Amino acid sequence: MHIAIQVNVPPYTNEDMDTAIHLAQILVNRGHKVSIFLFADSVLATNKLVKPMKIDRNIPLKLQELSDKGVEVHICGLCAQYRGITEDMKIEGSDFSGVPEMAALIYNSDRYINLLP
Amino acid sequence: MHIAIQVNVPPYTNEDMDTAIHLAQILVNRGHKVSIFLFADSVLATNKLVKPMKIDRNIPLKLQELSDKGVEVHICGLCAQYRGITEDMKIEGSDFSGVPEMAALIYNSDRYINLLP
Amino acid sequence: MKKVLFAVYNSPVGSIWINEALRSAFGMYGEDLEPVVLFVNEAVLAVRKQCKPEIIGCLPLSITFKYLEKYNTQVYAIKEDLEKYSIKENEIEPHWNLKTIIKEELPDFVHSFDKVVFF
Amino acid sequence: MKKVLFAVYNSPVGSIWINEALRSAFGMYGEDLEPVVLFVNEAVLAVRKQCKPEIIGCLPLSITFKYLEKYNTQVYAIKEDLEKYSIKENEIEPHWNLKTIIKEELPDFVHSFDKVVFF
Amino acid sequence: MALIIVKKSPANKLSEFLLKLALPQDKVIFIQDGVIFAIEKNLKGLVKEGVELFALKEDFIARGFEESESQIPLIDYEGWADLIERDEKIIS
Amino acid sequence: MALIIVKKSPANKLSEFLLKLALPQDKVIFIQDGVIFAIEKNLKGLVKEGVELFALKEDFIARGFEESESQIPLIDYEGWADLIERDEKIIS
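Chains as they are written, first to last, in the numbering used here: chain L, 1 to 117; chain U, 1 to 117; chain A, 1 to 119; chain V, 1 to 119; chain Z, 1 to 92; chain R, 1 to 92.
One chain only, chain L, in its complex shape (with noise of 0.2 Å):
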């Protein structure tokens, strides 16, 4: 199957990445096709200057090791512009898009989950 997960709310302060990542891991080993869409703050994760603490999880890290198992990382550009996130900061193997693409995803897959803000 193919199964879409959007996120809408800034990492670290919540936690709906990490519940999309974890998800997204589980749905991969599973042998799902799986597609991750950061609206909104989330495309903050995608930010690869992000330092945490290093007793804390990196999640642009995370979500790049995601994209190397065959996640497709979309990141919706419009929200990205608004973050003043550059095509330059952004992780390996993810894409800048835009509502089309979320479009494509909702037509497309079989199961689109979104995480509500």
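Since the hints were derived computationally from the structure, they do not count as laboratory data. Just so you know, these numbers come straight off a predicted model, no measurement behind them. There may be inaccurate statements among the hints.
Unchecked claim - Derived DSS-like pairs: lysine-lysine, alpha-carbon spacing no greater than 27 Å straight-line:
1. V:K49 x R:K20
2. V:K103 x Z:K89
3. V:K88 x R:K20
4. R:K89 x V:K79
5. U:K62 x Z:K8
6. R:K41 x Z:K13
7. R:K13 x Z:K8
Start from chain L and add chains U, A, V, Z and R according to the hints.
Only chains U, A, V, Z and R this time, still in chain L's reference frame:
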């Protein structure tokens, strides 16, 4: 009087930065010394790479203008690191500081206005 | 053709969610999708003519009106929530072309969509 | 000496606010300030020994314990909120050195501080 | 005497928690979505007697309400600044 | 049949709104602070008959609750994935 305003939530997504900027303008015009302390996701408001749509307000620019008028803009440095904002991205006149600066503001200010998250 | 519901439960003023829900809805027409928008709780405040986030410097709701017209996007509000804020029919901005729905009908209404996104 | 209250109303797991409130409190000792921390609503879940945000990969609450001990920072929880979640005295993590306060005393308690910051 | 700032809507439990903190002679200002409190008929029943209530006019009007709908005085940012100057203690 | 995800705590009105959307044979999974619902004695009274309720075990345990405190079955992420695979419609 010295009046400090602490903000905790991201700009645009919520209106706290708008409230803080408007209040700061009024207070400065009344002759007060105003300090803005940006904590947690509110640090995004100091990223000069933020590119809002043309019809929308430019919050980092408004902060910059307040700074030009003498308003101190303090950024929690650890919070900024967690959001991938580096020193070279911040608006002119703002400063990376931290909880010791928060303590100094709480101790020295005549009024401390926290806009709760 | 699949049906998608964008339901907004946040206040229309001071947060981005109504504008983001509408922007998302308008983007759906690029695929074979039919978006519908639903205002829940305080989001219903959006429908009054005098509701103007631009008064406090935020993005106006009216920037969505030309697209609402172009696509004829259906917008619903919950009747009981409109009543809670004493919003009368003649106060409603005509551009929303608003339909109302009562709470009792909501479970079936929401289940009639293929995908549901809350904001 | 001024007294500062950091009151937290957000859940201890999955959000940063309890850790941020404690970090803020510990920073106050650089000035002639006395910080006190108050847990309100779901924030009281923090006090149970078994409350461990690290289970879901978030920062542990226990990183604050050595500072609580070093500074002897006072932490309060609302008694009624503890009861709401059936948190018994023997379940409370001793490092919090927790005091309780009843709702009726809150208005005077909060007013006894020079500055009040809610998270 | 304190100034209590209520910025979240009546739907949020924290708002009522903050209202209950108010002691006689305190002032409460409703801002942002907190201004929705201003149309509540029994608003004064939520606070102790002697607590003064205000709503920020700009935030109230922006949400589509008419001034006549408010049960309490509407003040502008200058009025809010007056309150800030007057009371040393601010709870929010 | 739909899967409804409730992630906000009982203190947030939206959670009850979502619970009321559930039709018989729907499933509800409580995650994040939504798991606090699992300790409510009258939880089943909040949904229509025939609605199946689950809470995400990891999120429940992390908040300091003991498994025995839950009024409904606790499932892990694999269990959540099972629910996702089963129901096409997801409301959240």
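**OP:** Could you tell me which of the numbered hints above are not met by this structure, giving the numbers in increasing order?
**Re:** 1, 3 and 4
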